[in-house]
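Novice: Residue numbers (our numbering), protein chains in the order written: chain A, 1 to 390; chain B, 1 to 43.
Hints are computed from structural coordinates only; laboratory data are not their basis. We put the beta carbon where it would ideally sit given N, CA and C, even for glycine. Some hints could be false.
Claimed, not checked - Simulated crosslink set (SDA-like; lysine to any residue; CA at most 25 Å straight-line):
| hint | chain 1 | residue 1 | chain 2 | residue 2 |
| --- | --- | --- | --- | --- |
| 1 | A | K197 | A | F265 |
| 2 | A | K387 | A | L164 |
| 3 | A | K197 | B | V23 |
| 4 | A | K282 | A | H231 |
| 5 | A | K197 | B | S17 |
| 6 | A | K282 | B | L21 |
| 7 | A | K167 | A | I373 |
| 8 | A | K282 | B | L22 |
| 9 | A | K282 | B | F36 |
| 10 | A | K317 | B | E16 |
| 11 | A | K282 | B | T15 |
| 12 | A | K311 | A | E240 |
| 13 | A | K387 | A | K197 |
| 14 | A | K82 | A | K197 |
| 15 | A | K282 | B | T31 |
| 16 | A | K317 | A | F234 |
| 17 | A | K282 | B | V18 |
| 18 | A | K282 | B | W35 |
| 19 | A | K282 | B | V4 |
| 20 | A | K282 | B | F11 |
| 21 | A | K197 | B | L12 |
| 22 | A | K282 | B | E16 |
| 23 | A | K311 | B | E16 |
| 24 | A | K282 | B | Y20 |
| 25 | A | K282 | B | V23 |
| 26 | A | K282 | B | T38 |
Claimed, not checked - The calculated label-pair distances, taken between Cβ atoms and stated as ranges, are:
| hint | chain 1 | residue 1 | chain 2 | residue 2 | range |
| --- | --- | --- | --- | --- | --- |
| 27 | A | K160 | B | A25 | 40 to 48 Å |
| 28 | A | G295 | B | V23 | 23 to 31 Å |
| 29 | B | V23 | A | T142 | 36 to 44 Å |
| 30 | A | F79 | B | V32 | 22 to 30 Å |
| 31 | B | A25 | A | V177 | 28 to 36 Å |
| 32 | A | V310 | B | V28 | 44 to 52 Å |
| 33 | A | G284 | B | V23 | 27 to 35 Å |
| 34 | B | W34 | A | R112 | 48 to 56 Å |
| 35 | A | Q123 | B | E16 | 19 to 27 Å |
| 36 | A | Y386 | B | V28 | 29 to 37 Å |
| 37 | B | G39 | A | K167 | 38 to 46 Å |
| 38 | B | F11 | A | V360 | 44 to 52 Å |
| 39 | B | V32 | A | F35 | 37 to 45 Å |
| 40 | B | V32 | A | K167 | 39 to 47 Å |
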Amino acid sequence: MAQVTTAEHKSIFSLFNLIALIVLGMGVYITYLRFTGGLAAVTNLSDDNPWGIWISFDLLCGVALAAGGYVTSAAVYLFGMKNYHSAVRPAVLTGFLGYALVVLALQYDVGRPWRLPYPLVVQQGTTSVLFEVGLCVATYLTVLFVEFSPAALEWLGLKKARNLVVKLTILLTIFGVVLSTMHQSSLGSLFLIVPSKLHPLWYSPYIPIYFFVTSIIAGLSMVIFESTLSHRFFSYKMDETHHKEANGVTLGFGKAASYVLAGYFAIKVMGISSGNQWHFLKTGYGTWYLVELLGFVALPSLLYAIGVRVKSLGLIKFTSVLAILGVILNRFNVCLVAFNWQLPAGERYFPHWMEIGISVFIVMIGLLLYRFIVTRMPILYEHPDYKDAH
Amino acid sequence: MDQVFYTLQDFLLHTESVTYLLVIATLVGMTVFWWFLTGKDED
């Protein structure tokens, strides 16, 4: 465990910290405006466009990109791929922070944070897909918290509690997979009621499946991307096992992502076919759809495959960024670009700068929390008291 | 691709036929892609 190095004694007046301070200051100011002046004070949302980037980016992308937790846990604990074990804790932490920030971001969009538990305890809309999403996200956030807690308990020296939670690992992993399967697809199901508003190329009865499959792609790619960043900035925190397993994780997850992307490409084409939407491909929206499908699905699939075959870690890492951008582009297209596509240009939505400011603010909180946790808790290394405990 | 369908039967017959052909192509394609992806593992 190479914990204490000069890297830890860097000055707090670094460029990153300075940028973080500015972003946090801006975020606090916009938060004040949002909760005192309402949505109109800081957003361009309207009755025609009630869902802006706080939903398309913070929520839809946030949930998809946090899928690394269940994907990695399932690979290691359910499918027995123990050689990826070192990737579990960073992935679960990313997932936990991702979901926690999704819930935080939702408060800005929904307002009245004290009513957050209302759907659970006051007024259950059991016929609503959104109720299922809310219930699953609340439950899965709790599951992720418990899955993450052994690292915190090891850090705090609470051995008994830690050992108790570790015994629940398999159960928690199964819960995580079930809940993720349900709500990742349900986020897509939200769009099933808007066939007249969502462009036919993006609308499909299979949209829940698309959302679920893309969450697997996002999860696999995020683990590779997050591992790359961790090696760049927190290499001094990693133990020998992490360094040794890192290349295997990149190659293995790259291979899986390549195959899932290929499958996703196939079911997307089948979606066009089953709706007979081919003629839309000749329009402007069709061109944009092909950019998404060929540039951010087919291309990453091929690049991942080539990277895996020639064992080019650099190519796989580059492709992970492309695949993540592809998932983000897909969520933006479904929620913003192709949504209300028949409205005149003047009535279309474009985010206010303060909406973007809040999204940047929330991402920054995530980065700072991640840094705080990995520099203190045994995330990138095994605690000396629990070596080989897995 | 731009043909006119007069009945739901015609429409479904056409779209389902094309989709089934795509399913077969996908099954073959995914198998070949798997060989491509894992080919060097066995070398």
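Novice: Against this structure, judge whether each hint is valid.
Specialist: For each hint, the structure was consulted:
| no. | hint | in the structure |
| --- | --- | --- |
| 1 | A:K197 x A:F265 | 24 Å, holds |
| 2 | A:K387 x A:L164 | 17 Å, holds |
| 3 | A:K197 x B:V23 | 29 Å, violated |
| 4 | A:K282 x A:H231 | 44 Å, violated |
| 5 | A:K197 x B:S17 | 28 Å, violated |
| 6 | A:K282 x B:L21 | 22 Å, holds |
| 7 | A:K167 x A:I373 | 23 Å, holds |
| 8 | A:K282 x B:L22 | 20 Å, holds |
| 9 | A:K282 x B:F36 | 32 Å, violated |
| 10 | A:K317 x B:E16 | 39 Å, violated |
| 11 | A:K282 x B:T15 | 19 Å, holds |
| 12 | A:K311 x A:E240 | 21 Å, holds |
| 13 | A:K387 x A:K197 | 55 Å, violated |
| 14 | A:K82 x A:K197 | 46 Å, violated |
| 15 | A:K282 x B:T31 | 31 Å, violated |
| 16 | A:K317 x A:F234 | 17 Å, holds |
| 17 | A:K282 x B:V18 | 19 Å, holds |
| 18 | A:K282 x B:W35 | 34 Å, violated |
| 19 | A:K282 x B:V4 | 17 Å, holds |
| 20 | A:K282 x B:F11 | 20 Å, holds |
| 21 | A:K197 x B:L12 | 24 Å, holds |
| 22 | A:K282 x B:E16 | 22 Å, holds |
| 23 | A:K311 x B:E16 | 40 Å, violated |
| 24 | A:K282 x B:Y20 | 23 Å, holds |
| 25 | A:K282 x B:V23 | 23 Å, holds |
| 26 | A:K282 x B:T38 | 36 Å, violated |
| 27 | A:K160 x B:A25: 40 to 48 Å | 57 Å, violated |
| 28 | A:G295 x B:V23: 23 to 31 Å | 25 Å, holds |
| 29 | B:V23 x A:T142: 36 to 44 Å | 39 Å, holds |
| 30 | A:F79 x B:V32: 22 to 30 Å | 24 Å, holds |
| 31 | B:A25 x A:V177: 28 to 36 Å | 30 Å, holds |
| 32 | A:V310 x B:V28: 44 to 52 Å | 25 Å, violated |
| 33 | A:G284 x B:V23: 27 to 35 Å | 30 Å, holds |
| 34 | B:W34 x A:R112: 48 to 56 Å | 51 Å, holds |
| 35 | A:Q123 x B:E16: 19 to 27 Å | 42 Å, violated |
| 36 | A:Y386 x B:V28: 29 to 37 Å | 48 Å, violated |
| 37 | B:G39 x A:K167: 38 to 46 Å | 41 Å, holds |
| 38 | B:F11 x A:V360: 44 to 52 Å | 47 Å, holds |
| 39 | B:V32 x A:F35: 37 to 45 Å | 56 Å, violated |
| 40 | B:V32 x A:K167: 39 to 47 Å | 44 Å, holds |
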